[in-house]
Every structure is written in structure tokens, then in C-alpha cells.
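Respectively, the protein sequence lines represent chains A and B.
Read the first sequence against our numbering and you will find it ends at 278, with the numbers running on by one and no gaps.
Read the second sequence against our numbering and you will find it ends at 276, with the numbers running on by one and no gaps.
Hints are computed from structural coordinates only; laboratory data are not their basis.
Check each hint, because a few of them may be wrong.
[Said to hold, decoys possible] Listed below are several chain B residues computed to face chain A (Cβ distance under 10 Å; list not exhaustive):
hint, residue
1, S63
2, A64
3, S165
4, E169
5, V188
6, A206
7, P267
Glycine included, every Cβ here is placed at the ideal spot set by N, Cα and C.
Here are the chains, one letter per residue:
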Amino acid sequence: MAHPESHTSSEFGELRIGAVSKRYPGANRGEPPRLALESVSFDLQRGAMGVLLGPSGCGKSTLLRMVAGLESISEGRITVSGREVTGPGRDRGMVFQTYTSFPWLTVEENVGYGLRINSSAAGRRSGVVDYFLDRIGLMPFRKAYPEQLSGGMRQRVAIARALANQPDILLMDEPFGALDPETRWQMQELVLGIVHKERMTVLMVTHDIEEAIFMGDRIAFFSRGPGRLLEIIEPTFGADERRLDKAALKAIPDYGEMESHILQMMRAEGSRASEQTA
Amino acid sequence: MYIWRRQSKPRAVRIAFQRPVSVTQRVVLGTAAWLIFLGAWQYAATADLAPQRLFPPPTQVLSALENLFREQAFHADVLASLRRVAISFALAFAFALPLGLFMGAFPVVAAFFNPLVSPFRYLPAPAFIPLLLMWLGAGDTQKIALLFLGVVWFLVTLIADHVRSVRMELIETALTLGASTRQVLGGVVFRASLPGLVDIARQMLAVSWTYLIIAEIVAATDGVGAMIMRARRFVRVDEVMAGIVMIGILGLLLDLLFRLLHWKLFPYARQRSRKP
Ligand SMILES: Nc1ncnc2c1ncn2[C@@H]1O[C@H](COP(=O)(O)OP(=O)(O)OP(=O)(O)O)[C@@H](O)[C@H]1O
Ligand SMILES: [Mg+2]
Numbered sequence: 001m002a003h004p005e006s007h008t009s010s011e012f013g014e015l016r017i018g019a020v021s022k023r024y025p026g027a028n029r030g031e032p033p034r035l036a037l038e039s040v041s042f043d044l045q046r047g048a049m050g051v052l053l054g055p056s057g058c059g060k061s062t063l064l065r066m067v068a069g070l071e072s073i074s075e076g077r078i079t080v081s082g083r084e085v086t087g088p089g090r091d092r093g094m095v096f097q098t099y100t101s102f103p104w105l106t107v108e109e110n111v112g113y114g115l116r117i118n119s120s121a122a123g124r125r126s127g128v129v130d131y132f133l134d135r136i137g138l139m140p141f142r143k144a145y146p147e148q149l150s151g152g153m154r155q156r157v158a159i160a161r162a163l164a165n166q167p168d169i170l171l172m173d174e175p176f177g178a179l180d181p182e183t184r185w186q187m188q189e190l191v192l193g194i195v196h197k198e199r200m201t202v203l204m205v206t207h208d209i210e211e212a213i214f215m216g217d218r219i220a221f222f223s224r225g226p227g228r229l230l231e232i233i234e235p236t237f238g239a240d241e242r243r244l245d246k247a248a249l250k251a252i253p254d255y256g257e258m259e260s261h262i263l264q265m266m267r268a269e270g271s272r273a274s275e276q277t278a
Numbered sequence: 001m002y003i004w005r006r007q008s009k010p011r012a013v014r015i016a017f018q019r020p021v022s023v024t025q026r027v028v029l030g031t032a033a034w035l036i037f038l039g040a041w042q043y044a045a046t047a048d049l050a051p052q053r054l055f056p057p058p059t060q061v062l063s064a065l066e067n068l069f070r071e072q073a074f075h076a077d078v079l080a081s082l083r084r085v086a087i088s089f090a091l092a093f094a095f096a097l098p099l100g101l102f103m104g105a106f107p108v109v110a111a112f113f114n115p116l117v118s119p120f121r122y123l124p125a126p127a128f129i130p131l132l133l134m135w136l137g138a139g140d141t142q143k144i145a146l147l148f149l150g151v152v153w154f155l156v157t158l159i160a161d162h163v164r165s166v167r168m169e170l171i172e173t174a175l176t177l178g179a180s181t182r183q184v185l186g187g188v189v190f191r192a193s194l195p196g197l198v199d200i201a202r203q204m205l206a207v208s209w210t211y212l213i214i215a216e217i218v219a220a221t222d223g224v225g226a227m228i229m230r231a232r233r234f235v236r237v238d239e240v241m242a243g244i245v246m247i248g249i250l251g252l253l254l255d256l257l258f259r260l261l262h263w264k265l266f267p268y269a270r271q272r273s274r275k276p
């Protein structure tokens, strides 16, 4: 690490969050700033799936938005592929919980948007767009407008749009939160499949413990008020068969153990929070 | 079964909250309202409630309108009025669009201009007529300036409000895809507000149209408003009414034109009335 700013190939896709804190200004004038995150450190290797888990309000979205460059960093330092984060950029693609398809563009134009504004050649662009449309199974809907799609389809468009732009890391804030369980499960498998194939680094936020264990290589569990990293959990069991399907996952004894461990932490956080407000 | 039952009684007009009305029902109801209105007018005018010279029936107004076009070159007045509205509105929109866009997109710009623009909206444009007459004379420039003042501040505020309502997630998505400030402003903020901008133009055009008559009543030699004032001098109530009817018709046509524009330009914003 002689030249931390230089972009060497060994650092590609690496995420380093170093002792990051976030202070939001007080809601009213004269109120002191509120500490939303306190000294959080978390790293991801290229191709790893990181999951931010914790009770509501613990600062998961805040951390993700700081990595995206959409929120200023009060203290500490975040680097992606060795470059320090100072603002949003195409190396960090983001998928939001709400629908963000551009309504005036067709499905294929949405997927190709990033490539178009970054003036990639039209020929290469259509190749990439076709590839990702195929992966998300929306080839038949390429000429449709987002308005004509279901919620799950729109979220697939958003994921394909972020991936087609070839970011170093993919950031997702509760991307499946608005979907029904069946679609949710399909989307989880779809994303895992694509991400492993592309060796994409992913950082995602979720409320869902099952989703975290199913998808995550590294799960960061946060406490609330101010948000602190309580524990990093690495579900190493079952290596590959864990991701074959949900039923196989749940049959693994280690899974149940880990789930109840996380559940206990969630409960403890919940009761701690109610003590604070009492 | 449910669908079949609904189709078996297509003509039933039932009053219920939020109950959709079919196209046929809408046409029938709308026509009925007009027939009742015209019938009542015709009856009142012919029943000698007032001297017919001061309160002519609709049939007489219609023939007066026809006569205006055939013998008094009314089309020249109509064109003069349309021209004034078109020029002044184009100028007002061209002024308000960049200002509203920047105010809506950047709170800093809004904080600078808002204290200036907001009070202007409360100044009635006709109050400027004496000033405009002194500065610009009684010609077309003064009328166009009045029409401009009548809508421009509302346009700025409406456009800024609408642009501000563009969802932040769309902007942030574009930023994380690598868009520059300029690309976000033109390609996302402006593009996302475009259908709403056409709607704002349509609604404010109606306001501009109401100021037109005020502009033309003051020292004008041509235009629909000037014709109405001429007819008043000879107590030709039928021609005054014909002029008012003409204004209504033109306003309606312009409204339709903008609705058509909206429909053509924004296929994605069409309501999903017909499911595949
Ligand atoms: N723009 C902001 N201004 C001030 N405070 C904020 C802002 N955004 C978030 N906060 C505060 O920071 C804390 C963390 O919020 P954040 O949205 O990151 O939580 P979260 O873990 O994503 O919650 P959830 O699971 O409900 O989405 C909360 O207390 C919230 O009130
Ligand atoms: Mg959140």
C-alpha cells in the first residue's frame, strides 16, 4: 500500500470502510448534531457479498449511502478499488428500495442508460444490454415502459441497469423489500447467480435474517443509537450447497443456530431501545 | 361472471363514490348538460323576460357569429388575438422555464429568487396597464407585455414547484450511474418534469386568454376584445355574446391541442385504460 490512491488491479472491487462515523445536524436549530454511526470498520474482498443487518434506524442506509457517495462522511475513510470515496460515481452502482426506473425510457433504454451517458459505443452497448436483459429474463419486455411492468420486473430492471454499467461494487438498499415472498426468493437466486458469474462485489442492506444468511458471505450486525458494528458473522457452513435452494439451506443444522443467534441479538437490541425511550 | 354482469347493464348511470363513468355515458351526460343550458337560455330569451335586444336567444347569437365572419372579417380579429397570446405566452414560457428549472432543482437558486418572485404574483397585471401605456404606448407591445406579466410569475412558481417534486431517487440513481450535473439536470430532472410542464402550459394558457380581453378592451383596434367593445357601443348584444362564445371556442381548441400534444409526446404517461 505504498500508493493508496493508485488503482492497482489487485485492489479492484475491494471495499474498505475504515472507522467511519456519521453525524447528522440536529433537527432544530441549536440542537446538537446526532451521531448516527460511530466508528464502523468493514472490509470486503472482490466478489464477496456483504450484508448490513440490524434493527430499524441503526444506520444501515446511511452507511450504504456514504459508500455510494450520496452522503458526506463525517469521520473516517472509505475506499473502493483503492480510490477514496468523495462523491457519487459510476464505479459504485446503487439499487434503491423504491422503484427507480426512468418512466420515459423503455426497459432496454433504462438498462442501457449508464452506458449511454458514459458515451460507450452504441454497438458494444447493445451487446451488453442484450446480455443483461437475457439474464434477468426481460427480453420479451425490452420495448415496454416501466409503467407496464410488475414490481419484481421493475426491480430486475434496476439491478440490470446497475450491473450493465459495470461498476466495481454493487450497492443495494433493501432491494427486495417491496416484493412478495415468492418473487423475493427468485430475485435472491437471480442476483446470486449473476453476481457470482461476474465476480461482483456486493454490499446490501436487509431486514430479513433469512435473506442475510442465504446471500451473505459477511454479515455486519449493527446496534442502534448510535449505530455501532456489534458483530461480523461469516456463514461459512455448507459452502456451496447452502445456495442451492432455500429448503437445503434450512436443513443445515448450523443455519438454525445462526438464525436464532441473530434473532436473539435483534431482540436484545429491541428491548434496549425501548429502555432508552422509556 | 363478474365481468358479464357489468357488461349486461352498460347504460345504468349510478351515483357512487369514485365509480368510473364510461365514454358513452360521459358523452351523453355532457351533451345533456349543454342541451339543458341552451334550452333554458332559449326559453328565457323568447319568454319576454327582458327586451330581446338586450338578451338575445342562442340562435340569434349563432347567426351573429356567422355574420361577423362573413361580413366583418372577424377572422382578422381572431388571428390578431391568437397572435398576441402566442407571442406573449412563448416569451413568458421561455423566460420562466430556465428560471423555474433552476429554482426547482437547486434550493440555493430558489432561496435567491423566491423572495423576489413570490410577491410579484400578488400584483394584479391589469394594475400595470397605466404604466405600460406610458412606457410602451397603446400598440401591440403594450398588450403583449400585459399578457406576459399576467402569467410569467405564476409560470415560474408552478414550474419550480413541479421540478422540485421530481423524486430524489431518480436523481441519485443517475448520479450513481456516473451522470454529470448537466446530464442529471437535462436528462433526468427536466425530462421527468416534461409531461407536467406541458400540463402547466395548458392551464396557464387559459389564464393568458382571460387577460387577452382586458388587454384588448383598453385602446385596441383589432382583436376579439376590440370587436366586443365596438359592438357594445352600438348595443349589439348578440355580437358581444358571439365574441364571448368565440373566446370560449378558441380556449377549448387550444386546450384540446395541448391535451393531444401530451398524449402524442408521452406514450408512457398514458393511463392504462385499455389492458392488452
Ligand atoms: N437526512 C437525515 N437527516 C437527519 N437524520 C437522519 C437522516 N437520515 C437518517 N437519519 C437518522 O439516522 C439514523 C439512521 O438512519 P438510517 O436510515 O440509516 O437507518 P436504517 O438502518 O437504514 O433504518 P431502516 O432499517 O428503517 O431503513 C436514524 O436515526 C435516522 O433518523
Ligand atoms: Mg434504511
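Quick rundown of the hints versus the structure:
no.	hint	verdict
1	S63	49 Å, violated
2	A64	47 Å, violated
3	S165	14 Å, violated
4	E169	5 Å, holds
5	V188	7 Å, holds
6	A206	26 Å, violated
7	P267	7 Å, holds
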